[in-house]
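Here is how the chains run, residue by residue.
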Amino acid sequence: MLGKFKEFKNLVEKQSECKLKCLRTDRGGEYVSHDFDDYCKENGIVHQLTMPQTPQQNGVSERKNRTIMNMVRYMLKEKNCPKEFWGDAVVCAVYLLNRFTTKRLQKITPKEAWSIKKPRVDHLRIFGSVAYVKIQEERRTKLEDKSQKCILLGYGENSHGYKLYNLMTKKVIMSRDVKFDEEQEWNWNSEDQPQKLIVDEEQIQKDEGEIMLAPSASTNSPTSPSSSTTRKTKSIQEIYYVTERINLDDVNMFCLFSGNDPITFEEAYQEDRWKKAMKEEINSIIKNNTWELTTLPEGHNAIGVKWIFKTKRNAEGEIEKT
Amino acid sequence: MVFGIPKLEHTSRMCEVCVMGKQHKKPFPKKSSRASQPLDLVYSDVCGPISPTSIGGSRYFLTFTDDFSGKTWVYVLKEKK
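Sequences listed follow chains A and Y, in order.
Going by our numbering, the first sequence opens with residue 1, and the numbers climb by one from there.
Going by our numbering, the second sequence opens with residue 1, and the numbers climb by one from there.
Fair warning: there could be bad hints in the mix.
Dumping the calculated DSSO-like pairs for lysine-lysine here, alpha-carbon to alpha-carbon at most 30 Å [claimed, not checked]:
| hint | chain 1 | residue 1 | chain 2 | residue 2 |
| --- | --- | --- | --- | --- |
| 1 | Y | 78 | A | 79 |
| 2 | A | 19 | A | 103 |
| 3 | A | 103 | Y | 25 |
| 4 | A | 111 | Y | 30 |
| 5 | A | 19 | Y | 81 |
| 6 | Y | 7 | A | 4 |
| 7 | A | 149 | Y | 78 |
| 8 | A | 4 | A | 117 |
| 9 | A | 41 | Y | 7 |
| 10 | Y | 30 | A | 9 |
| 11 | Y | 31 | A | 6 |
| 12 | A | 134 | A | 146 |
| 13 | A | 9 | Y | 22 |
| 14 | Y | 31 | A | 117 |
| 15 | A | 9 | A | 77 |
| 16 | A | 6 | Y | 80 |
| 17 | Y | 31 | A | 111 |
| 18 | A | 6 | Y | 78 |
| 19 | A | 77 | A | 170 |
| 20 | A | 21 | A | 146 |
| 21 | A | 134 | A | 103 |
| 22 | A | 171 | A | 149 |
| 23 | Y | 31 | A | 21 |
| 24 | A | 170 | Y | 80 |
| 25 | Y | 26 | A | 103 |
| 26 | Y | 80 | A | 77 |
| 27 | A | 4 | Y | 25 |
| 28 | A | 103 | Y | 30 |
| 29 | A | 14 | Y | 25 |
| 30 | A | 14 | Y | 80 |
| 31 | Y | 31 | A | 107 |
Hints are computed from structural coordinates only; laboratory data are not their basis.
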């Protein structure tokens, strides 16, 4: 602890060409040792101590800790990283905070206030993203993979490059030749292939389910099974329960409905094979006595029914049934 | 208004019973001014212990915040001392 303080003091005094004049801390054992006290006295540093049980007097530090820990929890959660990575997340969070604007300064970042230079931010990537790191030529043979899979843990403090966790060797490495897939997340539990966010798939299934249950006003004309529910925005979905627009920006969602199957009844009715399929379906409904025709009792509303058109394929991908 | 209550005379004398039963933490002043140059005032604190230990075996982190710029330096620590 005292070692780190000396390291910090040397670094910042050299860089800013200013002298550390005053240090505000609480009365933790690490700050009130004889060694620490002696060091402060030797270097003419005023060591301001808070009153016992009064962390409010060190509010700046305490608030900073809270900000950092909030960021760390979020960063680990976002990519489902194991909690053991908190150390790197803390360092990364501070690196980011020094490059963000803050209420205390007017339009500049702490890093800029400190060193005059405007910090770069174009290299910033999502913590915990899957990264492909180029393997140096001399470390591989001609036919070996040219890159290895790693996880982004942060940035070089004094060097232009990224700090990464090598999934194969389980070691932290530094590199500047990195390609990122910020969408991807590593599955830490099974440690096999990384998957696209599982949560999203579940959400999509759930969205579809809710739309199926939503009563449609018209009884026979099939409505589009698609919806413009964007991922992760439940509130909008709740407001616009069923809408017709397909969000073309969202490739995943779009792919769900791009299997050449017709979406509306009018579309399906154009094709003979769908007409035939519908006729078969109606015949089997009649044959099985699934429903019987009746008159609607007064004061009741009919539940909507719609056609879902889906091509069923066998294992070889040939069309088995429509 | 209530009538019939005798006029009480205000006393500035400290009442021990009141202090014993009612004393509270004094309010904290809002910070009035920032440091005028780097390193005039630096805040420091240790956060932890954090469980589980990090992949490097650390349980604490130590921060230094410069009052002038707001820039923070952080060190992860295995031990507090």
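**OP:** Starting from residue 6 of chain A, check that the Cα of residue 78 of chain Y is at most 30 Å away, please.
**Re:** holds (17 Å)
Subject >> Given hint residue 111 of chain A paired with residue 31 of chain Y - CA-CA distance at most 30 Å >> reply: holds (22 Å)
**OP:** For the pair we were handed, residue 31 of chain Y and residue 117 of chain A, check the Cα-Cα distance against 30 Å.
**Re:** holds (28 Å)
Original post:
Are residue 171 of chain A and residue 149 of chain A close enough, with their CA atoms no more than 30 Å apart?
Top reply: Within the cut-off at roughly 12 Å; holds.
Original post:
Is the straight-line distance between the alpha-carbon of residue 9 of chain A and that of residue 22 of chain Y 30 Å or less?
Top reply: violated (44 Å)
Original post:
When you check the alpha-carbon spacing of residue 170 of chain A and residue 80 of chain Y, does it fall within 30 Å?
Top reply: holds (27 Å)
Original post:
Within a Cα-Cα threshold of 30 Å, do residue 4 of chain A and residue 117 of chain A meet the stated pairing?
Top reply: holds (26 Å)
Subject >> residue 26 of chain Y paired with residue 103 of chain A [C-alpha distance capped at 30 Å] >> reply: With a Cα-Cα distance of about 26 Å, the restraint between residue 26 of chain Y and residue 103 of chain A holds, given a limit of 30 Å.
Original post:
Is the Cα-Cα distance between residue 6 of chain A and residue 80 of chain Y 30 Å or less?
Top reply: Satisfied, since the Cα-Cα distance of roughly 15 Å is no more than 30 Å.
Original post:
Taken at face value, is the distance from the CA of residue 81 of chain Y to the CA of residue 19 of chain A at most 30 Å?
Top reply: holds (25 Å)
Subject >> Straight-line alpha-carbon gap residue 14 of chain A to residue 80 of chain Y, limit 30 Å >> reply: Within the cut-off at roughly 26 Å; holds.
Original post:
Hey, residue 19 of chain A versus residue 103 of chain A, does the alpha-carbon distance stay inside 30 Å?
Top reply: holds (26 Å)
Comparing the model with each numbered hint stated earlier shows that hints 6, 9, 13, 15, 20, 21, 27 and 29 do not hold.
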